[in-house]
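Kindly generate the complete structure, drawing on both the sequences and the hints.
These protein sequence lines are chains R and X, in that order. Start counting the first sequence at 1; every next residue gets the next number (our numbering). Start counting the second sequence at 1; every next residue gets the next number (our numbering).
No lab work stands behind these hints: they were computed from the structure. Every residue, glycine too, gets a C-beta built ideally from N, C-alpha and C. A hint or two may mislead.
Said to hold, decoys possible - Not everything, but these chain X residues come out facing chain R in the computed CB check (under 8 Å):
1. ARG51
2. TYR65
3. VAL67
4. PRO221
5. THR233
6. THR235
7. LEU313
8. ASP338
9. PRO341
10. GLY409
Said to hold, decoys possible - Here are the simulated lysine-lysine pairs, BS3-like style, with alpha carbons at most 27 Å apart:
11. X:LYS276 <-> X:LYS293
12. X:LYS321 <-> R:LYS406
13. R:LYS25 <-> X:LYS321
There are 2 protein chains.
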Amino acid sequence: MISKISGGVTAAKGFSAACCAAGIKYQGRTDMAMILSAVPCNVAGTFTTNRVKAAPVLWDSRIVYDVRQAQAVVVNAGIANAATGDEGMALCAQTADFTGKLFGIPADSVLLGSTGVIGPNIPIDKITAGVSAMKETLSDTEEAGTAASKAIMTTDTVNKEFAVEFDLPAAAGGSVTVRLGGMSKGSGMIHPNMCTMLGYVTTDCCISQPLLQKALSAVVPDTFNMISVDGDTSTNDTLLVLSNGQAGNIPILEENESYAVFCEALFSVCRDLAVKMAGDGEGATHLVEMYVKGADTREHARTLARSVVSSSLVKAMIYGKDANCGRILCALGYAGVDFDPKDIELWLNGADGDVCFYQNGRTQDFDEDRALAILSETAVRFTCDMHMGTEEATAWGCDLTYDYVKINGDYRS
Amino acid sequence: MISKISGGVTAAKGFSAACCAAGIKYQGRTDMAMILSAVPCNVAGTFTTNRVKAAPVLWDSRIVYDVRQAQAVVVNAGIANAATGDEGMALCAQTADFTGKLFGIPADSVLLGSTGVIGPNIPIDKITAGVSAMKETLSDTEEAGTAASKAIMTTDTVNKEFAVEFDLPAAAGGSVTVRLGGMSKGSGMIHPNMCTMLGYVTTDCCISQPLLQKALSAVVPDTFNMISVDGDTSTNDTLLVLSNGQAGNIPILEENESYAVFCEALFSVCRDLAVKMAGDGEGATHLVEMYVKGADTREHARTLARSVVSSSLVKAMIYGKDANCGRILCALGYAGVDFDPKDIELWLNGADGDVCFYQNGRTQDFDEDRALAILSETAVRFTCDMHMGTEEATAWGCDLTYDYVKINGDYRS
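Shown next as structure tokens:
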């Protein structure tokens with residue numbers, strides 16, 4: 001039984017967090033956050049597929065793939081430390097060295113994250129001053145986790161955190177409660193592989209590093225990689241999971257029942273954080289959910305669903321509450337998946353029943369007033385049945401609004 | 001020597017055009033056009049790759065691939081006749097039958113085009129009444145061609161036509177002037193393969209059908225398939241070229257010098273029409289040109305260039321005249337082409353000299369005022385040198401504006 005609990009990165013035992021206003025780019029708000037575990041953690045991660053990788057992405061990749069253990073995460077908002085060359089990498093090393101010495105841990109156990117403008121260097125003096133300041137306020141309270149989730153926001157309008165708990169067999173006999181919580185930021189430059197985002201998940205579960213990475217790799221394709229805001233895959237996408245083993249469960253060393261429960265818990269946290277990012281897309285007024293079922297393969301279902309939520313024309317139509325369903329059909333058609341248009345069915349899902357848009361190879365007549373009422377809800381859901389098999393997938397996105405253009409027409413100032 | 005001349009689809013000998021206000025969806029404007037050749041033409045074409053193909057696309061494909069000859073084109077704006085199933089195909093057959101009988105030509109020499117809302121059926125009575133009305137006003141004047149180019153517009157703000165002439169050896173000895181002209185429409189749902197559009201090119205050149213198709217297939221990848229407005233590939237994309245041989249040149253039956261000249265002329269017409277569509281993207285205030293050179297393969301150069309002009313974040317930045325060059329680098333990075341960011345150079349091209357954005361693996365300092373001045377021009381051009389080879393390509397797009405959202409938030413009404 002997996003239960004939602006309040007909190008985020010400090011929900012699990014042994015994790016504390018802090019934030020501060022380092023004045024990196026934003027003024028009058030917090031812009032740095034850190035997470036610290038009482039003991040070294042196994043770490044798993046997944047990163048942007050962009051060929052232009054930000055310096056902290058390169059830094060973290062090495063730790064995740066080679067070192068596989070970490071104890072701290074230091075994040076800044078405002079400057080991405082991307083396209084900064086060797087100098088950007090040197091600034092990462094300086095940040096990690098400073099943090100490591102301050103906390104008495106190895107520099108290569110310090111993970112880094114940056115989000116913001118591509119190009120400029122991070123101001124190292126402000127970064128180190130920020131780390132020093134955060135050392136004084138580190139706390140394992142729920143409030144400290146929430147404050148950290150606010151400090152990493154850029155154009156996000158709300159902070160994003162989620163946590164769950166579940167029971168696992170205890171090492172000492174009986175059972176123990178295990179907790180898993182996370183925070184993320186992301187609003188623009190959001191598109192699969194990885195979607196543009198920073199995400200940090202902590203757990204006190206005792207699980208081997210290879211299985212931690214395997215669990216993460218299993219849940220990402222149906223969570224973070226199924227959201228899109230604007231089709232732009234960032235240079236800085238990073239998702240990290242840290243497990244410190246403090247819960248006292250029997251160590252998960254094989255793909256047993258405990259592993260399955262852990263995967264399910266990780267999935268629920270990742271999906272919640274991902275959907276929150278999609279719904280908070282820059283300027284968004286609607287969350288859009290596209291559910292594809294009856295596909296011949298899972299990957300085809302994912303591709304079709306993503307194509308719809310990524311379409312500028314579908315997104316603009318949702319903003320206008322215009323049931324121009326041909327655009328959804330069009331986006332399915334150019335997804336690159338082979339199908340016969342005669343086979344598929346397309347529905348708009350409403351709380352009081354669904355509206356059929358397309359069936360038997362042609363557009364259906366429907367009640368425009370009912371469609372308008374459904375499209376006026378904050379969350380809008382479509383279902384497409386491909387009638388080709390039994391695989392399914394869901395993708396999440398948001399509408400395209402005047403405010404998206406406004407926010408991105410002058411992001412740097 | 002290929003020279004630009006005025007005119008469009010009636011520039012070449014033996015082609016006449018007409019239009020009328022059939023009242024299909026729009027009121028108070030023309031919404032049907034036709035082109036008629038005095039004699040049967042060889043025809044070549046290329047169509048949308050969308051799995052959901054509109055009925056006229058299926059109709060025309062059969063003529064282009066099987067019949068390979070045609071004499072008339074009938075186009076309507078307002079309704080796309082897409083997602084209309086067997087009924088939509090029957091309406092195509094009725095339109096072609098009616099037109100064929102009226103003009104005394106075979107029904108399968110009548111090409112059809114539709115653009116507009118996906119879903120509804122075309123009102124066949126209005127269509128046939130329109131064809132009858134157009135029979136009375138067919139004319140080979142330049143004005144008739146221009147009027148036709150206006151009648152096929154949807155959200156286009158300007159009509160698009162272009163024509164050239166060039167000399168070829170005459171069948172009767174000496175040389176003759178050959179003309180080639182075209183019109184196109186397209187403003188939204190514009191993205192490669194095919195870009196969303198209707199395009200009709202006519203020529204009095206005498207050229208075999210296989211070579212006509214070969215020439216078209218050769219020029220499309222660097223013209224119509226290198227533009228993007230919104231990343232949406234339409235159900236109705238159609239580009240047709242009709243050659244009636246009336247110029248009297250020595251028939252082009254092999255890939256000789258005349259064929260090379262013809263290809264060059266066709267390229268210039270297709271490029272002009274394509275760039276006009278990109279610059280007239282829905283709500284656009286800027287034409288964006290991305291030139292990639294030094295790529296290892298032509299296809300990589302095309303992919304990289306297209307990725308930049310398709311990026312919502314780049315497009316919004318151009319609208320805001322914000323030199324946020326990291327977004328261009330980011331869009332190159334996620335294009336799916338392997339490169340080392342240390343190797344590439346990125347420039348903003350100005351009339352009074354270029355501004356370097358990125359070099360030697362990092363963002364460069366640049367004069368913001370100069371960049372702002374260049375970004376304030378109607379046409380904005382960037383150059384990226386990959387330093388990996390000698391291949392190059394150019395892609396065209398437009399900015400993302402409030403008006404794009406406005407136009408597409410309520411397209412059907």
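Results of checking the hints against the structure:
1. ARG51: Because about 4 Å separates ARG51 of chain X from the closest Cβ in chain R, which is inside the 8 Å limit, the hint holds.
2. TYR65: violated (19 Å)
3. VAL67: Interface hint status for VAL67 of chain X: violated (24 Å vs cutoff 8 Å).
4. PRO221: violated (17 Å)
5. THR233: holds (4 Å)
6. THR235: For THR235 of chain X, the interface hint holds, since the closest Cβ of chain R sits about 5 Å away, which is under 8 Å.
7. LEU313: Constraint on LEU313 of chain X satisfied, holds at 5 Å.
8. ASP338: Where the cut-off is 8 Å and the nearest Cβ of chain R is about 7 Å from ASP338 of chain X, the hint holds.
9. PRO341: holds (5 Å)
10. GLY409: Hint on GLY409 of chain X: holds, closest Cβ of chain R at ~3 Å, below 8 Å.
11. X:LYS276 <-> X:LYS293: holds (23 Å)
12. X:LYS321 <-> R:LYS406: holds (12 Å)
13. R:LYS25 <-> X:LYS321: holds (21 Å)
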